[in-house]
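There are 2 protein chains.
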Amino acid sequence: MATYNAPIREINFVLNDVLDVGRLAKEIPAFADATPDVILGLAEEAAKLIEGQIAPLNHTGDQVGCKVKDGVVTVPPGFAEAYKLYSQAGWMSLCNTTQYDGQGLPYTLSKVVEEMLCSANVAFALYPGLTTGCFEAIYANGSEEIKNTYLPKLSTGEWSGTMCITEAHAGSDVGAAKTKATPNGDGSYSIEGQKIFITSGEHEMVDNIIHFVLARLPDSPPGVKGLSTFVVPKYLVNKDGSLGARNKLVAATIEHKMGINGSCTCVMQFDGAQGWMVGAPNTGIQNMFVMMNLARIMVGFQGLGQCELATQNAIRYAIDRKQGKAFNGKPEIIEHADVRRMLLTMKATTEGARVLAYETAFWVDVTHHHPDEKVREEAQDWVDLNTPLVKAFCTDGAVELGSLAIQVYGGHGFIKEHGVEQIARDAKILCLYEGTNGIQAMDLVRRKLMMHNGRLAQRFFQAVRNELNADAPLGWITRPLGRAVDELESTTKFLIESFKTAPDAAGFGAVDFQRAFALTYLGWNWLRMIKAAAQHPDEGFRASKKATAEFFITRMLPQVHSLLGTVRAPTESLMALEAANF
Amino acid sequence: MATYNAPIREINFVLNDVLDVGRLAKEIPAFADATPDVILGLAEEAAKLIEGQIAPLNHTGDQVGCKVKDGVVTVPPGFAEAYKLYSQAGWMSLCNTTQYDGQGLPYTLSKVVEEMLCSANVAFALYPGLTTGCFEAIYANGSEEIKNTYLPKLSTGEWSGTMCITEAHAGSDVGAAKTKATPNGDGSYSIEGQKIFITSGEHEMVDNIIHFVLARLPDSPPGVKGLSTFVVPKYLVNKDGSLGARNKLVAATIEHKMGINGSCTCVMQFDGAQGWMVGAPNTGIQNMFVMMNLARIMVGFQGLGQCELATQNAIRYAIDRKQGKAFNGKPEIIEHADVRRMLLTMKATTEGARVLAYETAFWVDVTHHHPDEKVREEAQDWVDLNTPLVKAFCTDGAVELGSLAIQVYGGHGFIKEHGVEQIARDAKILCLYEGTNGIQAMDLVRRKLMMHNGRLAQRFFQAVRNELNADAPLGWITRPLGRAVDELESTTKFLIESFKTAPDAAGFGAVDFQRAFALTYLGWNWLRMIKAAAQHPDEGFRASKKATAEFFITRMLPQVHSLLGTVRAPTESLMALEAANF
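Heads up: the protein sequence lines correspond to chains B and D, in order. Okay, so the first sequence: first residue is 1 according to the numbering used here, each after it adds one. Okay, so the second sequence: first residue is 1 according to the numbering used here, each after it adds one.
Pulled out of the complex, with its shape left as it was, chain B reads as follows (with noise of 0.2 angstroms):
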């Protein structure tokens, strides 16, 4: 079985000699008793109840998986024992705000603690994940009532919700959802028709179940401008907060996954089930993207994660495993240089993807809370431009560590018993849930690119090139990482010129652009550890992060110009190609 050590000096490394996330308690008065102590305090807490409760099923979660009969759905062993165990300790309400049963602390830590629950059990997490985005999506639009109603139970985890948006032929196509509502006269909704997909749409382990549905009123111009939000309760709730009727909703069926088997995957049958708009008629769209931006930004988290959960393993396996002799006469497998490759590969990915994670959770926190709109602005853009690459990048990532880890396992990584041919399968989703890497990629070059006048990706060379003036000793990453910067910008300008007169030849190169960008962004990254961990007193520690360093800047930063190349290639003839003639 993989098994999960929460990465503490790891995450303290990042939080605060990296980040500075003591910024926060700092410059912003709500903050003022987050300290980098308390928050790392509340992450050693949190590892604990997660490494000890939720990791040990995480495999067994994978092998029972859910079951539905007559509507009714069973999770696996243990989970809502761990739920309530995870939930009371208020591990849920973190960064809610005080107003409704949260404890008003940092986003970011919340999102640490998300990075440790999603190496233990990303299925398990998901549960508590869609909750929370039910909850910022009612507390972004809804009314004084409905917030009253179901927030505070939201924000602990009594209750647990959902988001209902993709129909069978409505994925990526958002638009050509035709789930209805119809006014009942009495200021409620009757909502009929199907969802799939709907993560969390039905069991048994909370006393109610919250759905956030994406419908179509009567008079609406069909799609995406028609569109308007509900929220529609599985049990009624009464005046007094009292649960009434059930209403009229049930989980059809549940799908047959390739991962997450712990997580139960409904369709969900809306038939004249009662709901209550949240926010104005046909804004269902703008409502939604509240929670799916910072949904995105936790299934970076998810892939984070899962990268972890890997490489962890696969470098305890490759110190454990013997076989034969390496060229330093070891036995080792770690001692051979095929296998380091690997954990290296695995190890720069990790650890220059939490930089690039936990940075743009900082950013959430200081656009919600810092004082000085200049300073939310600018963090407003960072969270703008780092979504896409946080999502797309950290799952990706993912996939591809999961697949290494197999390979460093050997033969043994496809046998399910230890564990990790499960990450490859878990993560896979990540990839492909809360908009495609394909559609993260677009709204990258299509919108983040473009929004005010470019000034995105200008403030990220900018902060790269502020960086750069480094001492002459760091030459060998500020080098390379001024060229990847360089020749990234000037893609940028040819893609947002592109984007103008052929936007399909900006579409072909959309997915290898913003891997460019996230490994340029890693570049700086590691920049910033090599001068942090210069101060680290840990002699190992500097010499592990020095040797990754190098890996990275060497091995995986020159795929930047290898990228952007593709980007400029032409599409005329791949365009032009009739498809009968694939």
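No lab work stands behind these hints, which were simulated from the structure alone. Quantities reported herein were computed from a predicted structural model and do not represent experimental measurements. It is possible that some hints are incorrect.
Since the list gives no way to pick out one identical chain from another, each pair is judged satisfied if it fits inside one copy or across any two copies.
[Said to hold, decoys possible] Straight-line alpha carbon distances no greater than 30 angstroms define the calculated DSS-like cross-link-like pairs of lysine-lysine that follow:
id, residue 1, residue 2
1, K69, K26
2, K178, K322
3, K500, K325
4, K416, K67
5, K48, K26
6, K248, K416
Assemble chain D onto chain B, guided by the hints.
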């Protein structure tokens, strides 16, 4: 469910227009009747059986899997009937010698059939596949008596075969094997020990299973030089060919795996089982490699089959599936640039890999049967060079393309009923067994580059350059391909040199070098395909080849330079990092 249509037009194109398989009938007397028409006709016959009877078992084979109880293994529904159909129709004996009930047809044809079988159902394909391996091993080194006893029934598939090599502590390090063979004094040996990961180790589909077992004589030296090979039947065979007592061996258990669930992977316990030596004492490792080299090519074909399956299903889905509108106004997702990027990656990989694989099979036929010794020598060089390339590139490609197919399907790709997630799961084992792809890379760098003073790679560079003297209109291929070959050659020299003084530096770059070599080989294949396609009567086919070649040359071939750059990057500090500091 994934469906499969044998790509007969493409197979014909590669065999006849690109590779001129007619040379076999013209130059090799034994193959005088195996004209291109005969080969294609037989491939079409095989395709009917494979599409109609074996492909439909792929999904249920995955879902139901194999079971073991009291040493009796049950295969998935339909497998036994399909195995009988397949073997009785003669598809297993195609290229075996007529001396032992084979049909004496080209190995190349048998591999074309293998590709199709491995597209349709790679788990099923392992039952015939291992039987062929066992046949080859006994044929190469068995005594007349052993050959007469076992080969006719292995040839036709009336009995099936295994390779019993791996032990729990002896995977990549074969020389650590501990299974003992003690002489019984009557010419037979008593085999004691446990072998793991034994594909087709036990089942009831045939009357007898012949195990080819690597074991150690009592007085043998340690390591690989003390291993011998033995034939150990499930049921002892009487002088008259009838079956005698059950031998003392049993499937102790079967493994639960990420994929190929229809193939039983057994832990085989030999408790004093009676066996007979094949070949001389202590030559087991050489005897095994007769089979292993062909097995590696076979695994390459398994990968090719899975590449084709992923590619054709993704294309069909992208043509059928409608989601919103692309920039050209069409609703099918194949009109989106990023979907085309994925599909063209899949086509460029699969079609290019097919030429590599078929050409390797062609050279195997030449080594075995060509009357001219000099031609056989050249052919052997190609087989030696190509074996790691075919094995590693086609199987890495299968995993990548399985993952891309899921991505093309979006969220639906993650759902089992659609059948493409099975490709990603089934294909991963191909990167691990018969030598991990890292071991293939070390075979390429440590052995193949060094053999005959570097002659193997020189043949390749020369062959590509011969093809570069093309008409000017093909400069868009020949110029970048020429640059790739030049850098590949200089890096080859660098590796040969550095291996002498710093073997770990060469080991660190081996996998990247292997991929760069394979991509350059595919560049050569695409050049040859474009030349051959110019004569093709179908305009749509020509357009498809042109666009796919352009995609490969502008977007995949450039990776060669990025990969070779990493091969030359320094490794000292990466090797010096203490294991504990990872």
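Practice prompt. Starting from the hint list further up, note which numbers the structure goes against and sort them upward.
Written response: Violated hint (a single one): 1; every other hint is consistent with the structure.
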